[in-house]
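There are 2 protein chains.
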Amino acid sequence: MGGDHGPEVTIPASLDRLKNNPDLKLILVGDETVIKQQLSSAANDFMDRLIIRHASQRVEMHESPSKALKNKKDSSMRVAINLVHDGQADACVSAGNTGALMATARFVLKMIPGIDRPAIISTLPSVYGHTHVLDLGANVDCTAEHLFQFAVMGTELVKAVENIDNPKVGLLNIGEEDVKGNEQVKAAAKLLENSSLNYIGYVEGNSLNAGSIEVDLIVADGFVGNVALKSIEGAAKMIGVQLKSAFSKNILTKLAGLVAYPVLKSFKQSIDPRLYNGASFLGLRGLVIKSHGGADVLAFKTAIQLAEIEVKKDVIQKISQQVENSLALRESA
Amino acid sequence: MGGDHGPEVTIPASLDRLKNNPDLKLILVGDETVIKQQLSSAANDFMDRLIIRHASQRVEMHESPSKALKNKKDSSMRVAINLVHDGQADACVSAGNTGALMATARFVLKMIPGIDRPAIISTLPSVYGHTHVLDLGANVDCTAEHLFQFAVMGTELVKAVENIDNPKVGLLNIGEEDVKGNEQVKAAAKLLENSSLNYIGYVEGNSLNAGSIEVDLIVADGFVGNVALKSIEGAAKMIGVQLKSAFSKNILTKLAGLVAYPVLKSFKQSIDPRLYNGASFLGLRGLVIKSHGGADVLAFKTAIQLAEIEVKKDVIQKISQQVENSLALRESA
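Taken in sequence, the protein lines are chains L and R. Residue numbering for the first sequence follows this note's numbering, starting at 139 and increasing by one per position. Residue numbering for the second sequence follows this note's numbering, starting at 139 and increasing by one per position.
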């Protein structure tokens with residue numbers, strides 16, 4: 139029910155994923171009448187892999203997380219997360235209110251023992267392929283220990299999702315020299331240097347998309363990570379506006395635009411943010427994927443697909459196991 | 139002497155500015171032999187507006203600020219800042235080591251009474267024109283009071299440089315709602331709401347280049363501002379790489395690239411970061427402008443031009459005056 143467009147986007151995206159992945163089963167949680175209306179006859183093909191689960195309430199996009207938690211016990215969001223908690227679903231995908239989704243997920247699913255705070259991780263395109271980044275805004279004022287835990291969790295996710303053994307971990311800072319940064323980052327660097335993670339050192343903001351060396355996972359405080367992500371969104375938007383304006387100036391530039399159209403289209407696809415939609419909440423005892431609120435059908439499909447991959451790769455179980463190992467290692471040290 | 143290219147860049151840029159601004163006088167500070175060699179006969183036209191001031195040392199790009207301060211008392215950087223202190227120069231422009239430049243400027247020039255910490259301010263292109271942003275990395279762990287002081291200083295700079303009466307000030311945060319953010323940002327918002335500044339509220343990272351509303355000045359902690367700036371640099375670089383690659387795929391795309399070349403060139407110019415080179419150190423009793431270390435001649439010219447404008451507009455004096463007024467206002471409150 140969530141996001142800027144609700145079932146108009148989430149249901150066509152769901153049907154498309156059912157069509158493309160014969161192993162996928164989906165439970166659509168929300169207002170039964172609205173869902174049935176939107177599904178219409180298209181659903182007939184997938185009756186054996188599609189369940190509608192009615193929820194009488196919905197969390198509004200700007201509702202406070204605490205109010206949603208208290209007053210919306212039969213919201214689509216809450217019911218969907220309950221399904222994950224009860225083992226009836228392997229993952230929950232939502233385009234709804236991020237704060238409420240995080241608060242509800244944390245309340246219902248609880249944290250993995252040994253992890254203090256959940257973190258939001260997502261992927262950005264880069265000149266090397268792509269980069270995973272966390273935390274993107276679940277936490278402000280992270281301690282060194284929090285940053286270290288993010289690195290442990292993020293490493294497991296990247297290993298599973300990317301099929302690589304030893305992802306390169308960078309710590310987001312304002313310079314590459316040892317003296318740079320705040321106390322939390324400096325202390326986190328020490329923890330990472332002494333760990334079994336493949337820590338490559340400090341990286342700067344440009345490393346998210348185009349640093350001088352390849353990095354698979356970038357760890358940051360949620361305030362910093364969120365600002366960086368949105369700064370990149372703004373830069374891409376501005377560049378798009380300027381490019382369009384350059385081709386719209388006069389009849390000659392418009393003709394040039396016609397000739398260049400197929401190339402510009404393939405360029406646009408290569409950096410299409412919809413192909414990077416979907417952020418995972420890490421640190422919880424269950425899988426929750428947050429789609430961008432403004433997602434269209436293509437973008438929401440990407441978020442569902444991310445859930446499919448993480449379920450298949452057993453990411454949550456791997457993180458729990460790794461966190462337990464790390465703790466055991468520390469206690470024996 | 140500073141920057142990645144030294145006098146090969148700084149001297150041609152200086153000569154060009156002398157040519158274009160008949161009111162400008164320049165003192166070139168550094169190794170006299172190197173400067174004279176680089177100037178050669180081109181300098182003859184400006185003998186009356188060009189002075190060479192020998193300095194026997196230079197601060198290396200990765201030298202620690204404290205070592206530079208202690209051991210390089212006759213560095214080009216130190217001598218140039220001394221000239222500002224002694225009233226022999228109105229501003230110092232350097233492409234050298236940022237940390238050393240800041241430490242030296244602070245040591246020699248001292249702070250404006252009432253300002254606790256200096257801040258670095260620069261300009262970014264935006265869909266509305268451009269946005270001024272501070273702090274870009276001079277300070278980590280800023281308190282609410284520091285952020286407030288940055289807003290006071292930044293407002294004076296924007297008023298003077300942009301010729302506007304009441305610049306719109308935004309506070310960089312991870313959401314626009316009151317509940318979002320860390321304690322420092324929330325407390326700074328209170329100080330700004332109760333001030334005479336034109337405070338418009340929280341803005342997110344995308345507002346640096348392309349927010350939903352226009353903002354003239356964005357205030358941030360130096361860690362966050364620096365990461366945001368470099369994230370934007372990385373995004374622009376990646377987009378440039380992808381665009382180039384889309385036009386290089388095969389003979390057809392290359393032909394389309396030839397047709398579109400003039401448009402792509404004008405697009406590139408519209409977001410050319412060299413036209414935004416130059417960051418001002420605010421909070422000091424003298425004007426110091428930092429150029430990007432990798433600046434080429436065009437970029438370094440922009441930095442010199444920024445100094446010319448700020449001198450002409452008497453920015454430092456206006457900031458000092460405004461800070462004094464603000465303090466008087468607070469004391470009387």
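Hints may be right or wrong, so weigh each one.
Remember, identical chains collapse to one label, so a pair may be satisfied in a single copy or spanning two.
To be verified - Within a straight-line C-alpha distance of at most 25 Å, the following computed DSS-like cross-link-like pairs (lysine-lysine) qualify:
1) K403 x K306
2) K163 x K208
3) K157 x K205
4) K375 x K306
5) K318 x K208
6) K205 x K248
7) K205 x K318
8) K375 x K403
9) K375 x K318
10) K157 x K318
11) K318 x K211
12) K297 x K382
13) K382 x K456
14) K328 x K387
15) K382 x K406
16) K403 x K382
17) K248 x K318
18) K324 x K205
19) K306 x K456
20) K392 x K403
21) K163 x K306
Quick caveat, the hints were computed from the structure, so don't treat them as lab data.
For each hint, the structure was consulted:
In this assembly of identical chains, the alpha carbons of K403 and K306 never lie at most 25 Å apart, being 32 Å within a copy and 36 Å across copies at closest. Taking the shortest Cα distances, K163 and K208 never come within 25 Å of each other, neither inside one copy (30 Å) nor across copies (68 Å). For the identical chains of this complex, K157 and K205 are neighbours neither inside a copy (37 Å) nor across copies (65 Å), given an alpha-carbon limit of 25 Å. For a Cα distance limit of 25 Å, the shortest separation of K375 from K306 across copies, 22 Å, qualifies, whereas the shortest one inside one copy, 29 Å, does not.
When the C-alpha separation of K318 and K208 is checked against a cutoff of 25 Å, the pair qualifies only between copies, where the shortest distance is 19 Å, while the shortest distance within a copy is 43 Å. In this homomeric assembly, K205 and K248 come within 25 Å of each other (Cα to Cα) only inside a single copy, at 19 Å, whereas the closest approach across copies is 50 Å. Only between protomers do K205 and K318 lie at most 25 Å apart by alpha-carbon distance; the minimum there is 15 Å, versus 41 Å within a single protomer. For a Cα distance limit of 25 Å, the shortest separation of K375 from K403 qualifies both inside one copy, at 15 Å, and across copies, at 19 Å.
In this assembly of identical chains, K375 and K318 lie within 25 Å of each other by CA distance solely across copies; the values are 24 Å between and 31 Å within a copy. Proximity of K157 and K318 under a CA criterion of 25 Å is satisfied in neither setting, with 51 Å inside one chain copy and 40 Å between copies. In this assembly of identical chains, the alpha carbons of K318 and K211 lie at most 25 Å apart only when taken from different copies (24 Å versus 46 Å within one copy). In the homo-oligomer, the alpha carbons of K297 and K382 never lie at most 25 Å apart, since the shortest distance is 39 Å inside one protomer and 31 Å across protomers.
When the C-alpha separation of K382 and K456 is checked against a cutoff of 25 Å, the pair qualifies neither within a copy, at 45 Å, nor between copies, at 40 Å. For a Cα distance limit of 25 Å, the shortest separation of K328 from K387 qualifies neither inside one copy, at 54 Å, nor across copies, at 44 Å. Taking identical chains as interchangeable, the C-alpha atoms of K382 and K406 lie at most 25 Å apart whether they share a chain (12 Å) or sit on different chains (12 Å). In this assembly of identical chains, K403 and K382 lie within 25 Å of each other by CA distance both inside one copy and across copies; the values are 12 Å within and 13 Å between.
In the homo-oligomer, the alpha carbons of K248 and K318 lie at most 25 Å apart only across protomers (23 Å), although the nearest pairing inside one protomer, at 36 Å, exceeds that limit. Only between protomers do K324 and K205 lie at most 25 Å apart by alpha-carbon distance; the minimum there is 21 Å, versus 37 Å within a single protomer. Taking identical chains as interchangeable, the C-alpha atoms of K306 and K456 lie at most 25 Å apart only when both belong to the same chain, with a minimum of 18 Å there against 48 Å between chains. Taking the shortest alpha-carbon separations for K392 and K403, both the intra-copy value of 15 Å and the inter-copy value of 15 Å come in at or below 25 Å.
In the homo-oligomer, the alpha carbons of K163 and K306 never lie at most 25 Å apart, since the shortest distance is 34 Å inside one protomer and 51 Å across protomers.
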